[in-house]
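K.L.:
The hints should help you fit chains X and L onto chain C, whose structure is shown.
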Amino acid sequence: MNKEISQNKSPNEADQLQKRKDHFARNLARSAKTVLAELEENPDLPLGMHYFINIMREVFVKDRVHQLLLPSLHQSTNNRKIIGTYCIMVPEELIYAAGAIPVRLCGGSYEASCIGDELVPRDTCPVVKASIGFTSFNLISLYQMCDAVIVPTTCDSKRKMGEELSKFTEVWMLEVPHIKDSEGSRRQWLQQLYVLKKNLEKFTGRRFTGRKIRRKALDTSIKMIGSAQYQARRLYEIRKSSAPVILGREAMIAINAYSYATAFEWTKAMTGLNDELEARCHKGQFICSEHTPRILLASCSPIFPNWKIPSLIEEMGAVIVADESCMGNRYLYDPVGLTEKSMTDMMVSIAARYLMPCVCPSFAPNEDRLFRLLQMAEEFSIDGIIYYVLKGCVIYDFELIRVEKIMKDKNIPVLRIETDYSSEDIEQLRTRIEAFVEMLGTKKRNSLATKTLRF
Amino acid sequence: MTVTNLRWMALIISFFVLILGGLIGIDLGGFLPTYACPYVGQTRGGVCFLFRLQFILGVGSWEAFKALGEHLLYFSILVVLIGRAWCGWICPFGFVQDVLDLIRRKFHIGYIRFPERLRANLRCIKWIFFFIALLIPLWVAYPLFAPSVAGDLRQPFCSLCPGKYILPLVIGDPDSVAVDFKSATTITMTILGLTFSTLTIIGALLKRRFWCPYCPMGLLLSWYKKISFIKLKKDCQKCTMCEVCYNVCPVEIQQVFKERENEDVTFTDCTLCLRCVEYCPEDGALRATFLGKTIYKSTSKGFFSRQHIIPAVPEEKHQKAALEHTNE
Amino acid sequence: MECYAGIDAGSTYMKVAIMNNNSALEGYKVVPSGIDCRRNAREVFDELLGNLGLSTPDVVAVTSTGYGRRRVDIAHKNVTEIRAHASGAIWSAHEGRKIRTIIDIGGQDSKVIVINEEGETKNFAMNDKCAAGTGRFLEVLARVLNVTVEELGPFSLQAESPCQINSLCAVFAESEVISLLARGKDRKNIIAGIHKSLAKRVSGMARRAGLESEVLLTGGGALNPGLVAAFEDELMMDIFVAKNPQLNGAIGAALLGKNSNGGKG
Chain C
54 MNKEISQNKS PNEADQLQKR KDHFARNLAR SAKTVLAELE ENPDLPLGMH YFINIMREVF
114 VKDRVHQLLL PSLHQSTNNR KIIGTYCIMV PEELIYAAGA IPVRLCGGSY EASCIGDELV
174 PRDTCPVVKA SIGFTSFNLI SLYQMCDAVI VPTTCDSKRK MGEELSKFTE VWMLEVPHIK
234 DSEGSRRQWL QQLYVLKKNL EKFTGRRFTG RKIRRKALDT SIKMIGSAQY QARRLYEIRK
294 SSAPVILGRE AMIAINAYSY ATAFEWTKAM TGLNDELEAR CHKGQFICSE HTPRILLASC
354 SPIFPNWKIP SLIEEMGAVI VADESCMGNR YLYDPVGLTE KSMTDMMVSI AARYLMPCVC
414 PSFAPNEDRL FRLLQMAEEF SIDGIIYYVL KGCVIYDFEL IRVEKIMKDK NIPVLRIETD
474 YSSEDIEQLR TRIEAFVEML GTKKRNSLAT KTLRF
Chain X
711 MTVTNLRWMA LIISFFVLIL GGLIGIDLGG FLPTYACPYV GQTRGGVCFL FRLQFILGVG
771 SWEAFKALGE HLLYFSILVV LIGRAWCGWI CPFGFVQDVL DLIRRKFHIG YIRFPERLRA
831 NLRCIKWIFF FIALLIPLWV AYPLFAPSVA GDLRQPFCSL CPGKYILPLV IGDPDSVAVD
891 FKSATTITMT ILGLTFSTLT IIGALLKRRF WCPYCPMGLL LSWYKKISFI KLKKDCQKCT
951 MCEVCYNVCP VEIQQVFKER ENEDVTFTDC TLCLRCVEYC PEDGALRATF LGKTIYKSTS
1011 KGFFSRQHII PAVPEEKHQK AALEHTNE
Chain L
275 MECYAGIDAG STYMKVAIMN NNSALEGYKV VPSGIDCRRN AREVFDELLG NLGLSTPDVV
335 AVTSTGYGRR RVDIAHKNVT EIRAHASGAI WSAHEGRKIR TIIDIGGQDS KVIVINEEGE
395 TKNFAMNDKC AAGTGRFLEV LARVLNVTVE ELGPFSLQAE SPCQINSLCA VFAESEVISL
455 LARGKDRKNI IAGIHKSLAK RVSGMARRAG LESEVLLTGG GALNPGLVAA FEDELMMDIF
515 VAKNPQLNGA IGAALLGKNS NGGKG
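Protein chains in written order, with the working numbering: chain C, 54 to 508; chain X, 711 to 1038; chain L, 275 to 539.
So here's chain C without its partners, still in its complex pose (with noise of 0.2 Å):
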């Protein structure tokens, strides 16, 4: 691995290389921890976040991703390979089938962020500066530990990236179809799935005898991320209540840890954490008063350690009941719906699954995307939503006008934001979401006024 920086070195480059890389992962570790410990100090801190939290911290803090994912990684028969995913278009349960483990590696450090700086140009957007960093300059084992790599050819940032990450490590590309709803583009899709299928069987299996990926095999894995599915949605469900009984902070956390655990070991945690929250609705004990604007948090992913505007957002007093990042309520809210036990079902179920409903900017037209933001707006009864664009996520921005229409007829406020990994822009972004979140405020116990003085 690290073909390229390692090769022709003299010693004493090296050890210089050794030495940024050392101060680099340094500050990663510093600021991830100083994330997680933000998130500690809330005293209503749900129980069940601990576990959360914790594969962060083993992940991003002590760098032990090994021990989380292959706890008995010694023991010889366990050879498990282990495939890094980019973007939410690549079939996990085709991974789990094959026998391996998948991690998804969509970068949000600014460590990692500012090592891409220079290896891609200036305007890409800090996610795929972030990965290219963290392969090219391991600074944490989890891109190294990476047998393989599938990249979706989604945006334009994603797809060049694979190009730059094959000088790293063994890339694979998907090709997704911009525009899904051609019958061709969805036929395309489904062939681009059993020739993965047929890669990940050639790259899992033993040398000679090979292994398929039996139909029984998926249907277990289909069953198992699809509890995973449902945990998720239970979670989601647990966000629309009227007074909030976990911050979304936390609530995004505990999502964009599926990343970097098993399915099995996250549904499990889970469990526990909604059965927690349930306890607190029916207990009556909320985190805040139902007067806290509800915001959506719209558009990009906050990515751990990046967790700079959900921090800010709730700083401010208002609270992320919604997000639709591809990190967050949309990484595990569409499940693969099996119709039956063929493997031709499997195939077109996962391929409709990962496709479909997917409302990725990178599709065009994406219509979907308004119709999934204006049910969730109703559903979450969401006071203002921020729009938050990563510098460089042109197509993301591109939906903003789109977006800004729709809810000026529902009435409901939208802030854009624009802005990176660093935090000098901090400040300014802190008084435009003061302002906004106290807008909201206003108008919420303006309107509540008045629907009380009707009854």
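One or more of the hints may lead you astray.
Straight line, CA to CA, 30 Å or less: simulated DSBU-like cross-link-like pairs of lysine-lysine [stated by the list, open to error]:
#1 X:K968 with C:K458
#2 L:K396 with C:K293
#3 C:K269 with X:K943
Treat the hints as calculated values from the structure; they're not laboratory data.
P.N.:
Just chains X and L now, kept in the frame of chain C:
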């Protein structure tokens, strides 16, 4: 009990009533909007409307046409009542296809899906069958040319219909699959009919509800979809376009998930089997209504219990009880 | 006498306003922000009270706003600039004006606030990150042109054919201005062009925020008649300049303090 099980029960009961009901003296009349095939002989419990239609048109007398009007009225009432649920819940031939489909599923063989182009091209077949059933009997009644050919063309659609051959075979009458050597015309017609039957049996083993998109009875029934009491409705905002409804649909209707404006998604081919409602993972995105009243709707929990991820949800029973009520 | 103080600790100037119980302006003071916001606020506040012959207990509520609002420790509470400006707008506008939009040209940011009849914020927009569309933009360019900020307005009103300044970025605009000067363009025309460029940038923001008439211009920028004229040209509507435009935020903050204390006293 799931809707699927309920539907199986309805199909089994109606199969026995319509195909074997004659044994215990059931006679539901000659205007049934379903394949109550008279060719099964004395055991039949009713007669298919298309059979009677061709017969009456073939007689061609004024009295016959009056009788036709009466038949049409009864037929219309039945169709308005439950629409194409006749196809999904009652049709004995649909039942036979579903059994063949079950066999395929038990062997874990995948289904075939035709490309959209092909499907669009095949759409004309039901119209051809319909005109055969409508126009040839008139020629039989008024044989202005080639009277000898016309004479052998009584019940023209029936001779082509796979139901005529397969349904008697199912109840153990092998004579039905014999070629009629009476004349060249009958030979041609029976050979065509047997070809369709063979195709349907093979097709139904590979493709869900193979015959239904070509059925002229289904075409007739679909004309009532606007005024029929049972409707399939969709809340477009709740839909995530996940395509599950398309994947479960035995007649492969795409429009249900693609629809973005209209609430009514009872499309022409829809047999109201309600599998889409059953499998939809969104709360209330799809629902079936009877006279505007919701009798069954999709639930997220229902979805996960159907996927065997969580145990069955008890409150579903109420929904289905309501549905059962309306179907009797 | 009961008084209410508003302290607007802005990025460039600190504004302190003292209002009496009848919502009339008792006195005010505008000083450069300096480096120690906390001490500065204290000093200015005490000095102002001294000038007015008031003592600290007279002041029922001190409300701070602006970038330094959290650092002003004499304040009882702090509010965002947006809210302060919105609340000050009704007071600052001349009689009979139904203000629905406030354009504030501050030292380091500019904002557009759309309010409803009650003076509550309906929507707002702020400049994102850089100095484009702010007072700093004018300051930088005034320095290049060798004029004071106060002179910009009168100069630009004398312009005959304003130059085109394309850059919104202060740094790029600076080099653009230098090259215009090198080409021998009249300083007045350049200044008018600068105003136009700034007005254009902020008007775009205003339109996005859902501009409604009538428009009130506040902040230090409103003291510049050239800029007011440029806004009128750009938005093609009458622009009203606030009474004491620089003080709008401080007055708004003081009024908010008064309203929230209204129940008690």
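K.L.:
If a hint holds in the structure, say so; if it doesn't, say that too.
P.N.:
For each hint, the structure was consulted:
For the suggested pair X:K968 and C:K458, the alpha carbons sit about 23 Å apart, so the restraint of at most 30 Å is met. With a C-alpha separation of about 25 Å, the suggested pairing of L:K396 with C:K293 holds against the 30 Å cut-off. For the given pair, C:K269 sits about 35 Å from X:K943 by alpha-carbon distance, which is inconsistent with the 30 Å threshold.
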